[in-house]
Amino acid sequence: MTPLSHSLEDYLEAIYVIGMQKTVVRVKEVAGYLDVKMPSVVDAISKLTERNLVSHEKYGYLNLTRQGYDAAKIIYKKHEEVFRFLSYFLGMDDETASQDACGIEHYISKNTLERIIKLMKFIDSEPDGYPQWLEKFKAFAEKNK
Numbered sequence: 001m002t003p004l005s006h007s008l009e010d011y012l013e014a015i016y017v018i019g020m021q022k023t024v025v026r027v028k029e030v031a032g033y034l035d036v037k038m039p040s041v042v043d044a045i046s047k048l049t050e051r052n053l054v055s056h057e058k059y060g061y062l063n064l065t066r067q068g069y070d071a072a073k074i075i076y077k078k079h080e081e082v083f084r085f086l087s088y089f090l091g092m093d094d095e096t097a098s099q100d101a102c103g104i105e106h107y108i109s110k111n112t113l114e115r116i117i118k119l120m121k122f123i124d125s126e127p128d129g130y131p132q133w134l135e136k137f138k139a140f141a142e143k144n145k
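Quick note on the numbering used here: the sequence shown kicks off at 1 and runs consecutively.
Any given hint could be a false lead.
To be verified - In silico lysine to any residue, SDA-like type, Cα no more than 20 Å apart, as pairs:
#1 K145 / S87
#2 K28 / S40
#3 K22 / S55
#4 K28 / D43
#5 K73 / M20
#6 K136 / D93
#7 K47 / Y33
#8 K22 / N63
#9 K28 / P39
#10 K121 / E81
#11 K37 / H6
I should point out that these hints are in silico values taken from the structure, not numbers from a laboratory.
Take the sequences, apply the hints, and build the full model.
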C-alpha cells in the first residue's frame, strides 16, 4: 500500500484523538478539530475507507479499523514525542510546539525520532534531576530572541 498523504494522516490522527475523548466520532467533530469544511472530511473519510483504515456508515459514526487504529496510534505517538521535545526540552509554548509537531510528525524518520526519545530519556534519568545546562539553554534562548 502506498503511504498516506500528510493530510490523510491528519484525518486519521484526528479520529484517534477525538475517539480517546468521546465514545463516538462524527464527521462534524473531525471538521471542527481540523478546522476544515465538512465536504473535505467526507472526501478524506472516503479515501481512508477505501484503504480499510476507517469504517463509516452514511450519516453515521466514524470508527477506526484495527489497521487504522494501529496507524493512527503511531502518528499520534510521533506527535506527542515531538511535542514533548519542543515544549519541555526546548521551552516552546504549547501552541507553537503543537503546530510544529503536527508538521514535523510527517517528515521525521523513525531513527531520528528514536534518537530524540533516547535523548529525552537520558536527560530525564539524570540522577541530580533536571540538568543545569538545559535550564541555561532555555534562558539563553529566551534572552536571544
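Outcome of the hint check:
no.	hint	verdict
1	K145 / S87	16 Å, holds
2	K28 / S40	11 Å, holds
3	K22 / S55	17 Å, holds
4	K28 / D43	13 Å, holds
5	K73 / M20	11 Å, holds
6	K136 / D93	17 Å, holds
7	K47 / Y33	19 Å, holds
8	K22 / N63	12 Å, holds
9	K28 / P39	10 Å, holds
10	K121 / E81	11 Å, holds
11	K37 / H6	17 Å, holds
No hint from the list above goes unmet by this structure.
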